[in-house]
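Number of protein chains: 2
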Amino acid sequence: MTTQFKWLFLQSNIVNLTPDMHQPAKLKELEKINPFRVMTVMHRAAALEVKGRKIVHMEVGEPDFNTATPIIEAAKNALDAGFTHYTAAAGIDELRNALAGHYLERYGVTVDKERILVTPGASGGLSLLANLLVGEGDGVLITDPAYPCVRNFIQLMNASPQLVPVDRSQNFQPTVQQLEGAADSSTCGVWLASPSNPTGSVLDREALADISSWCTDKSLHLLVDEIYHGLHYVDDLPSVLEIDDSAFVVNSFSKYFGMTGWRLGWIVVPDYAVDTASILAQNFYISPSSIAQHAALAGFMEATRLILEQRRQNFRERRDFLCASLREIGFVLAEEVQGAFYVYADISAFSENSEQFCHDMLENHGVAITPGTDFGDFKARQFVRFAYTTSMDDLALGVERLRRALHA
Amino acid sequence: MTTQFKWLFLQSNIVNLTPDMHQPAKLKELEKINPFRVMTVMHRAAALEVKGRKIVHMEVGEPDFNTATPIIEAAKNALDAGFTHYTAAAGIDELRNALAGHYLERYGVTVDKERILVTPGASGGLSLLANLLVGEGDGVLITDPAYPCVRNFIQLMNASPQLVPVDRSQNFQPTVQQLEGAADSSTCGVWLASPSNPTGSVLDREALADISSWCTDKSLHLLVDEIYHGLHYVDDLPSVLEIDDSAFVVNSFSKYFGMTGWRLGWIVVPDYAVDTASILAQNFYISPSSIAQHAALAGFMEATRLILEQRRQNFRERRDFLCASLREIGFVLAEEVQGAFYVYADISAFSENSEQFCHDMLENHGVAITPGTDFGDFKARQFVRFAYTTSMDDLALGVERLRRALHA
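Line order of the protein sequences matches chains A and B. Sequential numbering from 1 applies to the first sequence in the working numbering. Sequential numbering from 1001 applies to the second sequence in the working numbering.
Calculated from the structure, these hints are not laboratory results. Mixed in with the good hints, there may be bad ones.
Here are the simulated DSS-like pairs of lysine-lysine, each with C-alpha atoms no more than 27 Å apart in a straight line [claimed, not checked]:
| # | chain 1 | residue 1 | chain 2 | residue 2 |
| --- | --- | --- | --- | --- |
| 1 | B | 1051 | A | 113 |
| 2 | A | 76 | B | 1076 |
| 3 | B | 1076 | A | 51 |
| 4 | B | 1113 | B | 1076 |
Rough simulated footprint, nothing fancy, chain A against chain B, three-plus residues with beta-carbon under 8 Å [said to hold, decoys possible]:
| # | segment |
| --- | --- |
| 5 | 1120 to 1130 |
| 6 | 1203 to 1214 |
Here are some chain A residues the structure puts well away from chain B; computed CB gaps all over 10 Å [said to hold, decoys possible]:
| # | residue |
| --- | --- |
| 7 | 106 |
| 8 | 113 |
| 9 | 136 |
| 10 | 152 |
| 11 | 279 |
| 12 | 320 |
| 13 | 377 |
Because the structure is a prediction, the values reported are computed rather than measured. C-beta atoms are modelled at their ideal positions from N, C-alpha and C, and glycine is treated no differently.
With the sequences and hints as input, model every part of the structure.
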């Protein structure tokens, strides 16, 4: 057992700090904010690689492709043209217009460009919306499991994530009945993701409409994380904006557009929130990256679209292969993994402790995966997340290693 | 009088929102967060330019130079090399090492690279530190005037900015006696800036040492905004880290390194805060821009240093010209404008209302400047901020216009 692999041995995820006379009071309140276990997995995998081990990376929440060439070329042109200065806090008009066009073309919905704010990554957008929407003492309904930043942003507002456990039987998305049951007088809103990280499940048109109506009835805000839109393998993936123009949307150039390292995303807010959101944007980050914004314009070119759709096809093939292989080995998956690049797999056949399982797979079998405990509490020790953000060759190697490990 | 020029007519800066059944509770609490008046000045100046008016821009808080060529070229090389992915949340090792080297070379102080976190702009760093250091109900001592985001970040923590009025007679920096007088049992820290926006004044070695000792005695944290370091015109400009290794520092590649649109900065934190700061970084922004980080490495090349020092010389010449001219016209300035690219000027000879004064100068004389009311309350109607972020030709034109306007 290695000391580097710390997370397995932490009794809890509380951050321990060396006492010091200078230690400011506020650090104490941050005990609720957990480090991501996936980071520990990545660091440990890197350490093993330094020692010469071949590791199959199925933990990484980032496309393995470099950014598409037309976007790279657009960035270089922007650099030559001197676009190295601050932009408007809400982003350059060209990009906001392109995004409005994207909503019209892809979803058939008219979104006024004034309602679209370009942000420094989806993280910047989510942080802004947390400050805009969540007050001290508020409750926010979220699924368990969910992307871990979501509950952390809520906790940073001194508010409470109100967890709605979601299971395979319900495609890992909540019902109105569940939301109703988990809500109380403190509840201010509902934050969902479609497609979801870690489960890859989507909210269909009917589910979105039901939840939207319920939110309207209860005067709750509705926020939908759509950052994996475009990386979906179902025919119909509605944006919540097609159904509810009072909803808040977070999106990103990281995943479908393959621009992780550029740190660029966007949010869509209802009319009445535009001014306040813009003021927060000025305060929080002055402007998103000028270079990334000019580069992102090329994301809407036909040449880029062809590359991105080809990559989506690659992800689909990897999904097909990985899902079939994992099922064969004995993992239990959702009926259909619908989007993103994750498979959330039930490991009950092999282990009752997902952290121990991930530790064992990495240390003894060279396969890096993320324990369910990164994403919540509900059955978190019974699930792991596989990311298919690596080549088919590596996926095949990983599957072969898992097969040998689990059927020895 | 134009309706576009809204800020002049706002009774207060409260953000008014159209009532709506979907309006979430939290928006109400944001009433304390003010929009920046400088934004309104910039928008109005742009609108006048569209109509064909020549405007002299002395409102812009951003160097007018494009990013230096070696940095641009480094960015292009990074793009070609495929550095388009997430990096570690604290930044790439090469850049953290370069920054550690910068502290050793420029300040003669050893700063472990682990204590340096690269951030998405100084804004990202300041936001992170606010979350790290400031709890609900805390008080934070800051100067009045100060950079407006500072009080906004404190207010977003449901904490109180404790304003220490600073005047020309004290070089716009606080004394320990003043801090002592403004502190109370809620006070958790002191946030200062050297050089300061909007005043351009610096904290000398003795002042820093006094304030640091006082903070240590009182168990308060000390945070110093050093984002204008490098753009100073005094011989000795110490970093607080030379004096106090428990202090927190915010810095930026925007100003001296001329990389505003890239959104890259850094913070330095004491050892005991590194882990928690890193966890917040993961949550808040995953990683800073990979492209900007690789580009910034070129900021430490000799060829770049020569360009940046030449620009600093340009700023110094502009400062000399602008200060002399403004004094001649009848503005009252600090004895010595020591750093940044701002002159904070007392307009008592001409007006008792800085907002009206700025409105008049822009609308009737084509000179864009920022009213003191953007930076606080203390004598804010008696001061305006001039930025010398435009060419000498334009500065000369601006001065000529002011002379005609005020000595007609």
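Original post:
Minimum Cβ separation between residue 152 of chain A and chain B greater than 10 Å?
Top reply: With a cut-off of 10 Å, residue 152 of chain A comes too close to chain B, as the shortest Cβ separation is near 5 Å.
Subject >> Exclusion check [residue 136 of chain A not at the chain B interface, CB over 10 Å] >> reply: Label violated. Min Cβ-Cβ 6 Å, cutoff 10 Å.
Original post:
the segment 1120 to 1130 of chain B covered by chain A? Criterion: 3 or more residues, Cβ-Cβ distance below 8 Å.
Top reply: holds (count 5)
**OP:** Mind verifying the non-interface call on residue 279 of chain A? Its CB should be farther than 10 Å from each CB in chain B.
**Re:** Per Cβ check, residue 279 of chain A is inside 10 Å of chain B; nearest 5 Å; violated.
Original post:
Holds or violated: are the alpha carbons of residue 76 of chain A and residue 1076 of chain B at most 27 Å from each other?
Top reply: holds, 6 Å
Original post:
For residue 113 of chain A, is the shortest beta carbon distance to chain B beyond 10 Å?
Top reply: The claim stands: residue 113 of chain A keeps its Cβ more than 10 Å from every Cβ of chain B (closest is about 16 Å).
Subject >> Given coverage of the segment 1203 to 1214 of chain B by chain A, tested with a Cβ cutoff of 8 Å and a minimum of 3 residues >> reply: violated (count 0)
Original post:
For the pair supplied as a hint, residue 1113 of chain B and residue 1076 of chain B, is the alpha-carbon distance within the 27 Å limit?
Top reply: holds, 26 Å
Original post:
Regarding the pair residue 1076 of chain B and residue 51 of chain A, is the alpha-carbon distance no greater than 27 Å?
Top reply: This hinted pair is violated, its Cα atoms lying about 32 Å apart.
Original post:
Is the Cα-Cα distance between residue 1051 of chain B and residue 113 of chain A 27 Å or less?
Top reply: Roughly 24 Å separates the two Cα atoms, so the pair holds.
Original post:
Hey, does residue 377 of chain A actually stay past 10 Å from chain B on C-beta?
Top reply: Answer for residue 377 of chain A: holds, closest chain B Cβ roughly 18 Å.
Original post:
Is it the case that residue 106 of chain A keeps its Cβ farther than 10 Å from each residue Cβ in chain B?
Top reply: Nearest chain B Cβ is 24 Å from residue 106 of chain A, so the label holds.
Going through the hint list in order, the structure does not satisfy hints 3, 6, 9, 10 and 11.
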